[in-house]
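Undergrad: Okay, here's what each chain looks like letter by letter:
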Amino acid sequence: MSETTAAGSAPGTDTSAVSAQEPGSRRDRGNGNGKKTATGTKLSLGHSLGLVLALAALVVLGIITGGTRFLSVDNLMVILQQAAVVGVISIGATFVITSGGIDLSVGSVMGLATIWATTLGTQAIAMDFHWLIMVFTALAVGVAAGLLNGIIIAYGKVVPFIATLAMLVAARGFAELISGRQTQIVSVPGFTNAFRRDILGIPVIVWMFVLVAVAGWFLFNRTTFGRRTIAVGGNREAARLAGIKVNRHLVMVYALSGLCVGISAVMMLSRTTAGSSTNGYLYELDVIAIVVVGGTLLAGGRGTIFGTVLGVLIFAVLTNVFVQNNLDSSVQSVVKGAIIVGAVLLQQRFSSHSRT
Amino acid sequence: MSRITPRYLSVAALISATLLVSGCLSNDPEEVEAEDDAGAAAAEPAGDNAEAGEDVVIGFSGPAAGHGWIGAITEGAQNQGDEFDDVELRVSEGTDDVNEQISHIEQFINDEVDAIVVLPFDGAALTEIATEAMEAGIPVVNVDREFSSPFAARTTILGDNYGMGVSAGEYICEQLGDQEDAVVAEIAGIDSLPLTQDRSEGFEEALSDCGLEVDNRVAADFTVQGGESAAANLLQAAPEIDAIWNHDDDQGVGVLAAIENAGRDEFFMVGGAGSANMMREIESGESVVEATVVYPATQAADGVRLARLLAQDRAMGDLVQIEVPREIQLYAPVVTADNVDQYLPNAFES
Chain A
1 MSETTAAGSA PGTDTSAVSA QEPGSRRDRG NGNGKKTATG TKLSLGHSLG LVLALAALVV
61 LGIITGGTRF LSVDNLMVIL QQAAVVGVIS IGATFVITSG GIDLSVGSVM GLATIWATTL
121 GTQAIAMDFH WLIMVFTALA VGVAAGLLNG IIIAYGKVVP FIATLAMLVA ARGFAELISG
181 RQTQIVSVPG FTNAFRRDIL GIPVIVWMFV LVAVAGWFLF NRTTFGRRTI AVGGNREAAR
241 LAGIKVNRHL VMVYALSGLC VGISAVMMLS RTTAGSSTNG YLYELDVIAI VVVGGTLLAG
301 GRGTIFGTVL GVLIFAVLTN VFVQNNLDSS VQSVVKGAII VGAVLLQQRF SSHSRT
Chain B
357 MSRITPRYLS VAALISATLL VSGCLSNDPE EVEAEDDAGA AAAEPAGDNA EAGEDVVIGF
417 SGPAAGHGWI GAITEGAQNQ GDEFDDVELR VSEGTDDVNE QISHIEQFIN DEVDAIVVLP
477 FDGAALTEIA TEAMEAGIPV VNVDREFSSP FAARTTILGD NYGMGVSAGE YICEQLGDQE
537 DAVVAEIAGI DSLPLTQDRS EGFEEALSDC GLEVDNRVAA DFTVQGGESA AANLLQAAPE
597 IDAIWNHDDD QGVGVLAAIE NAGRDEFFMV GGAGSANMMR EIESGESVVE ATVVYPATQA
657 ADGVRLARLL AQDRAMGDLV QIEVPREIQL YAPVVTADNV DQYLPNAFES
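Residue numbers (the working numbering), protein chains in the order written: chain A, 1 to 356; chain B, 357 to 706.
None of these hints come from the bench; they were simulated from the model.
Quick caveat, the model's predicted, so the values are computed rather than measured.
Check each hint, because a few of them may be wrong.
To be verified - These stretches of chain B come out as covered by chain A in the derived footprint (C-beta under 8 Å, 3 or more residues):
{"#": "1", "stretch": "569-579"}
{"#": "2", "stretch": "641-654"}
Claimed, not checked - With beta-carbon atoms standing in for the labels, derived distance ranges:
{"#": "3", "chain 1": "A", "residue 1": "R197", "chain 2": "B", "residue 2": "T692", "range": "49 to 55 Å"}
{"#": "4", "chain 1": "B", "residue 1": "D565", "chain 2": "A", "residue 2": "R197", "range": "39 to 45 Å"}
{"#": "5", "chain 1": "B", "residue 1": "G619", "chain 2": "A", "residue 2": "G67", "range": "19 to 25 Å"}
{"#": "6", "chain 1": "B", "residue 1": "P701", "chain 2": "A", "residue 2": "N325", "range": "49 to 55 Å"}
{"#": "7", "chain 1": "A", "residue 1": "A338", "chain 2": "B", "residue 2": "A492", "range": "47 to 53 Å"}
Claimed, not checked - Cβ-to-Cβ under 8 Å is the rule here; a few derived chain A residues that face chain B:
{"#": "8", "residue": "R181"}
{"#": "9", "residue": "Q182"}
{"#": "10", "residue": "D198"}
{"#": "11", "residue": "N221"}
{"#": "12", "residue": "R271"}
{"#": "13", "residue": "T272"}
{"#": "14", "residue": "T273"}
{"#": "15", "residue": "G280"}
{"#": "16", "residue": "V323"}
For every residue, glycine included, the Cβ atom is placed at its ideal position computed from N, Cα and C.
Use the sequences and the hints to build the structure in full.
TA: And the structure:
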């Protein structure tokens with residue numbers, strides 16, 4: 001299988017890349033002025049080389065087995081659109097994980113946001129005024145959930161795992177309550193027209209993903225906000241001593257994740273034309289897998305937006321190649337699992353390198 | 357139609373209240389989905405069985421899921437409980453935790469109810485406690501997902517997953533029978549569930565009768581989102597399709613969205629389960645959906661009726677036999693434009 005080969009070739013490339021950037025990648029927990037790790041940009045490109053190769057190998061596999069069908073514009077757009085929805089959440093999650101936290105609630109909150117945006121009440125208002133009402137509703141639900149997560153974690157001193165697990169449980173239940181467990185079809189034509197069309201031959205939601213990814217990259221690599229996120233994840237105490245308002249920053253990071261969830265809820269609505277309490281089911285696992293495969297350290301302090309984007313694309317292309325070849329869904333799961341383990345093993349190698 | 361869906365209502369109420377108060381929200385939950393004809397609008401009880409008997413207490417326990425069909429199941433059972441003045445139906449909170457469901461049954465046994473109706477989350481896991489109930493002299497009616505022992509239930513009411521596949525396959529055969537090279541695609545539910553395997557097996561065998569086979573097969577997960585994603589990829593993999601069978605109408609909403617996205621309509625589609633949504637598509641006559649095979653959401657409602665008869669020690673109307681039957685398997689009819697009027701009123705909203 002060529003994806004295995006690609007993954008296998010990754011260590012060589014990545015090791016050299018990392019040793020070249022050893023100073024930047026060192027996670028000095030001891031004398032931790034976390035801001036140092038802001039040079040992580042270079043590191044991310046180095047680490048991502050393995051991912052680029054893996055993606056390339058998958059694409060080659062797709063071309064060999066699917067030929068022109070795989071490369072057709074329609075098919076590429078399907079891959080990109082599928083990647084877009086989970087991709088936007090993953091961008092937000094990259095910030096959360098880099099800050100040393102985790103957000104398990106993304107899938108449930110996305111379900112809740114879609115349901116809330118499609119409740120009869122919201123749709124009636126959207127019909128009377130503007131479809132943007134639905135968009136704002138989805139964003140508001142996402143941000144509110146994110147803020148609540150952040151406040152409970154930062155000021156309530158609850159571990160992120162537990163706080164967002166509670167939100168995972170609660171948001172899904174809430175979504176079931178307000179939907180009565182029924183699928184709600186989007187009946188506001190303006191909404192679907194706006195999000196289901198193409199601009200310059202590329203679907204709107206792919207543009208949205210590109211925008212979010214670019215904005216995320218900029219925020220992560222070129223602003224104080226990004227540097228602080230890395231610092232907080234690398235060494236919280238050092239970050240505090242360096243004058244960062246850690247609690248306030250954490251709240252903002254979770255709110256950002258919530259905002260991304262809200263955006264992806266809008267995208268999901270345009271894809272499926274339906275709000276459902278099952279929307280986003282198990283997305284939290286996909287997202288964590290994507291972010292970790294992308295090279296963000298689960299322990300925090302190091303992250304890469306570019307890697308996350310590659311991670312999303314790898315999973316989307318993989319699914320597509322499997323379906324193109326009419327392969328069993330179980331095989332697909334096995335390969336996905338192998339990719340996750342492989343990526344994490346690589347990552348552990350890097351972190352042990354940098355510790356010595 | 358078993359699904360593995362997380363289910364956590366009690367905590368939800370608490371935290372969701374907090375969410376509400378956090379107040380970013382523009383509408384009132386109560387405005388949501390006034391429709392509640394979901395499934396099993398209780399028909400008039402037939403024959404002698406409708407006559408009031410002695411008062412009985414029936415316990416009902418079912419799984420919980422964010423799924424139209426399961427919602428309809430529970431509502432149907434409740435409606436039957438209200439229907440009869442001689443029945444007090446105790447409905448335990450739906451759960452996807454077998455451990456919790458076992459406790460619910462234990463509670464019913466301790467309360468010495470007159471009969472128990474169970475749609476187990478997992479039939480095998482609930483077999484032992486159901487056997488205990490039977491040994492305690494409480495008749496158990498098993499719905500939809502079968503216990504692994506015949507001693508665990510007095511009466512079993514089953515849907516027909518294999519039959520759904522057969523009905524869908526036969527319909528497709530009727531439409532395409534003379535085209536040997538026709539491309540047939542299948543969008544399954546959760547592949548690891550026995551019910552999905554049964555449906556696929558029935559489908560395959562019915563197709564092979566007319567010389568057709570499944571050319572492209574993908575599995576989704578009974579959700580709208582899963583259906584959309586699986587169908588979008590499938591449509592790319594197969595540039596020309598003649599017929600699609602989609603196992604589940606809840607995921608069908610997503611499948612239809614993907615079909616619309618891809619701008620394809622060279623094929624016809626057969627649904628599964630029989631949601632009101634899909635039936636309206638069929639009724640419209642403009643959709644690629646030509647038919648759907650029903651998997652009745654009225655099984656638990658029937659379970660309550662039979663449990664009542666068992667508890668009252670009565671026979672079933674329209675049978676000469678003086679006992680309630682051991683097993684009833686429901687039929688999986690094909691709903692098309694010709695007979696949709698007949699099925700739509702009882703269909704569940706997905």
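Undergrad: It remains to establish, for every hint, whether it holds in the given structure.
TA: Comparing the hints with the structure gives:
1. Counting residues of the stretch 569-579 of chain B whose beta carbon lies closer than 8 Å to any beta carbon of chain A gives 8, which meets the minimum of three for the stated coverage.
2. Figure legend: the stretch 641-654 of chain B, annotated as covered by chain A; annotation inconsistent (0 residues with Cβ-Cβ distances under 8 Å, at least 3 required).
3. Checked against the hint of 49 to 55 Å, the pair R197 of chain A and T692 of chain B fails, with Cβ atoms roughly 34 Å apart.
4. In this structure the supplied range 39 to 45 Å holds for D565 of chain B paired with R197 of chain A, their Cβ-Cβ distance being about 44 Å.
5. Evaluation of the 19 to 25 Å hint for G619 of chain B and G67 of chain A yields a pass: the beta carbon distance comes to about 22 Å.
6. The supplied range of 49 to 55 Å is broken by P701 of chain B and N325 of chain A, whose beta-carbon atoms lie about 44 Å from each other.
7. Distance hint check for A338 of chain A and A492 of chain B: the Cβ-Cβ separation is about 50 Å, which falls inside the suggested range of 47 to 53 Å.
8. Taking 8 Å as the C-beta contact cut-off toward chain B, the hint placing R181 of chain A at the interface holds, the least distance being around 4 Å.
9. Restraint check, Q182 of chain A versus chain B: the minimum CB separation of about 5 Å is within 8 Å; hint holds.
10. Checking D198 of chain A against chain B: minimum C-beta separation of about 11 Å lies over 8 Å; hint violated.
11. The beta carbon of N221 of chain A comes no nearer than 30 Å to any beta carbon in chain B, farther than 8 Å, and the hint placing it at the interface is violated.
12. For the restraint placing R271 of chain A at the interface with chain B, the shortest Cβ-Cβ distance is roughly 6 Å, inside the 8 Å limit, so the hint holds.
13. Because the beta carbon of T272 of chain A sits about 5 Å from the nearest beta carbon in chain B, less than 8 Å, this interface hint is met.
14. At about 5 Å, the closest approach between the beta carbon of T273 of chain A and any beta carbon in chain B falls short of 8 Å, and the interface hint on this residue holds.
15. Hint status for G280 of chain A relative to chain B: holds, with the closest Cβ pair at about 7 Å, below 8 Å.
16. Restraint check, V323 of chain A versus chain B: the minimum CB separation of about 4 Å is within 8 Å; hint holds.
Taken one by one, the earlier hints fail for this structure at numbers 2, 3, 6, 10, 11, listed in ascending order.
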